[in-house]
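As a plain string of letters, each chain reads:
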Amino acid sequence: MAVLKVKFTKTRRDKLAQILWILNWISVVTGVILFSLGLFLKVELKKREELMAEKDIQYVPNMLIAVGLIACVINFLGGKICYDCVDTTNFLRWKLIMLPYIVCTFFFTLCVLVGALMCYSMHWELEEALNLGLTQAMRFYKDTDMPGRCFLKHTVDMLQIQFQCCGNSGYKDWFQIQWISNRYLDMSKKEVVDRLRSNVEGKFLMDGVPFSCCNINSPRPCIQQQITNNSAHFNYEHQTEDQNLWMKGCREALLEYYTHLLQSIGLTVLITWLFELSVLTGVRYLQTSLENMLRQGDPNSESDGWLLENSLMETARTNLSIIKSLGKGNQIDTADNGDPNIDVPSTSKAHYGPDNVPPKQKTETN
Amino acid sequence: MPFMSLKFNLQKRVKLAQGLWMLYWLAVIVGIIIFSLGIFFKIELRKRSEIMDNNESHLVPNLLILLGMLSCGLNAFGGKLCHESLDPQKFSKMKPMLKPYMLLSCGFNALLLLLVLLCFLMQFAVYLTLAEGLKNAIRFYKDTDTPGRCFMKRTLDMTQIEFRCCGNNNFRDWFEVQWISNRYLDMSNDVVKDRVLSNVEGKYLMDSVPFSCCNPGSPRPCIQHHLTNNSAHYDYDHRIEELNIWNRGCHQAVFSYYSSIMNSIGALLICTIILEVRLHTGLHHRPLQPVGM
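Residue numbers (our numbering), protein chains in the order written: chain P, 1 to 366; chain Y, 1 to 293.
Please keep in mind that the hints were generated in silico from the structure rather than gathered at the bench.
Nothing here was measured: the structure is a model prediction, and the numbers come from that model.
Think of the CB as a built atom: it goes at the ideal place given N, C-alpha and C, for glycine as much as any other residue.
A portion of the hints provided could be inaccurate.
Covered stretches of chain P (in silico footprint by chain Y; criterion: 3 or more residues with CB under 8 Å from a CB of chain Y, positions within the stretch not fixed) [said to hold, decoys possible]:
no.: 1; stretch: 144-156
no.: 2; stretch: 220-228
One side of the interface only, derived from the structure: several residues of chain P facing chain Y at Cβ under 7 Å [as the list claims (entries may be wrong)]:
no.: 3; residue: Y184
no.: 4; residue: D186
no.: 5; residue: I216
no.: 6; residue: N217
no.: 7; residue: F234
For reference, chain P alone in the conformation it holds in the complex (with noise of 0.2 Å):
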C-alpha cells in the first residue's frame, strides 16, 4: 500500500520537473541566506567576546555556516538533476544518485531543524556566558595599565552607552567593586585612607558610577557620587529618582538584543526548514513517477508517484532487516549448516560396503 500516491501524466511530470528546478535555485539562495546569517551571527558573538566567559556558544554560528554551504552544494545539484528529468534519456544518467541524494537530503533537513532548535536553546548558555564575562569585565574596569586589559574600560563604557545599561544587574554593581585604580588615589589623603582601611579587603569603595552609566534623558545634569546620598544633592532622592541613571543591567539588555537576533534567525531558519522539506517532497515524487514511467517502458504514459512504494511500518522493518543483513555479512554463522563454502567433516564413520575397502582413486585417462 503505496503512502500519498499521485498520478502523474507526462506533462504533469515535466511542469514538475521545471517548479522543482526553480525552487531549487530559490533554495540555493536561501542557503546563502544561511550562510550569511551565521556569518553575522558570529560576528556579533565576537565584537562582544571580551564581555562572555569562556563559553562554547561558537557553536551555533558556525552550524548555520556548515548549513548554509551544504545547503547550496545540495540544492544546486537537486536543480541540475531536475533540469535533466525532463528529458527521459538525461534521467537515466541520474537514476542511480537521485534515491541515494533524497535520502541524504533528507538528513540534511534535520540538520536544519537541528539548527534551528539550536538557536532557541542558547539563550540559557548566554546568560550565564554574559554573567561571568560582565563580573570579570567590571572587575578589570580600572586595569588600564595592564596588557590585555587596557581597553576593557572603554568597551564597558561604550557598551553603557550603546545599551542605555549600567552595571552586571544594576548599577548598585558598582558600589561593590573598585573601580578607580590606586594611580589616581591620593594616598596621603585622610578620607581615601580611611575608606580603604575600612574595607576588609583594602577596596576604595564608593556608591558613585562611571560617566557611562549617566541617562541622557535626565532633565538635571547627571548625579554620579555620592548616588545613595541624599543632603549631598539638592532637592534629590534617590530611593524615587529613576531618571538620572541607566534604570537596566547591562547583562538583561544584552540578552534581550541576542535573544531578539536570535529569535529573527532561528524563524528565518524553520521557515527555510519547511521550504526545503517541500522540495525534497517534490523530487521524491519525481523520482518515483519517473521511476515507474521507465518500469512501464513508455515514456508518454501516466505514472504514478508515492512518497513510500509500502507502508511506513513494512518500509522500516525492510530497511532494518537490510541493516541487520549489512552486519551480519561479515559474521561466520557455525549454527547453519547451510553454508556450502564451509567444509564440516562428518562425524560418522564412513562406510565403504561388505569389506570395508576404500575405492580406489580411479585416474581418468584419455
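Here the structure of chain P is known, so what remains is to put chain Y in place on it, guided by the hints.
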C-alpha cells in the same frame, strides 16, 4: 557643415543602439541613487535640526529628490527611443519627439550643473547655521522645563557622544554658560550664592562640563568638574591632559560630517553629468542615420 558628424554602417549602428540602451538604463539606476541620496540627506538634516536652530536650508536635498525623479523619467524615455530606433516604422513615429527631448535633456544637464555648484556653495550656509545653532543649544541646555526646548539637553548630549566633541569650538564654551538649571541649585548655600553674585549677569558659572564630553578612551575615570584646577585632582595637569574629555569642538565635527556628505553627492553628480552628456551625444548621432534606412 553638420556638428561632429560621423559615418556608420549597419552593424555599428545596431551595436551603438544596444550600448546606448544599456547606458540609458544605467542612467535610470543612477537617477534612483540620486533620489535616495536626496532623501538620506534630508533625513540627516532633519535629525539634527535642533542644533541648527531649526533654520537649516533644505534646498539641496529637495533639488536632489526632484532631479532624481526627472532623471529616471528622462532616461527611461531615452532608452525607449533607443530601443525603437532599431525599427524604422516605430522610429518615424518617434522622430518628431526627438528635438524637444534633446532640448529637455540639455536643460536637465544645466540643472545638474547648477546643483553641483549648490552642493559646494551651500556648505557655507551649513557652517554658519551650525555655529549659531550650537551656540543657542549650549545656552538652552539647562532649560529642560521650557516647552519647545525640553529635549535640547538630550539632543546636545547625544551629539557630543556621537560626534565625539565638546562645546561649540572647544570645551571652554561650557565655562561661559550656566548649564545647571536654578531648579537644582541650593540658593540657601553660601558657596552657590557667592558664585552667582560674583558674576555680572548673575549666572552660575563653573569650570565644569557635562558628562557627555567625557572620553571613554581615557585611562582614568572622567574628570568633569574643576577642570582647570590641578590641585583638585590627584596627579592631574590640565595643560597636558588630552584624553580626559573630547578636545574637538562640535562645530568642526558636525560640519565635517555634513561637508563630506555634500562633497560625495557633488562628485556623484559630476559623474552623472558626464554620463548624461555621453548619452546625449550618442543619441544625437542616432537620428542622422536610423537603422534599416
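Hints, verified against the model:
Note: the stretch 144-156 of chain P has 5 residues with beta-carbon separation from chain Y under 8 Å; the three-residue rule is met and the coverage holds. With a cut-off of 8 Å between beta carbons, the stretch 220-228 of chain P has 4 residues touching chain Y; three or more are needed, and the interface restraint holds. Against a cut-off of 7 Å between C-beta atoms, the interface hint on P/Y184 holds, since the closest Cβ of chain Y lies about 5 Å away. Interface hint status for P/D186: upheld, as the beta-carbon distance to the closest one in chain Y is roughly 4 Å, under 7 Å.
A least Cβ separation of about 4 Å between P/I216 and chain Y falls short of the 7 Å threshold, and the interface hint therefore holds. A cut of 7 Å between beta carbons decides the hint on P/N217: the least distance to chain Y is about 6 Å, and the hint holds. Restraint check, P/F234 versus chain Y: the minimum CB separation of about 4 Å is within 7 Å; hint holds.
Checked against the numbered hints given earlier, the structure satisfies every one of them.
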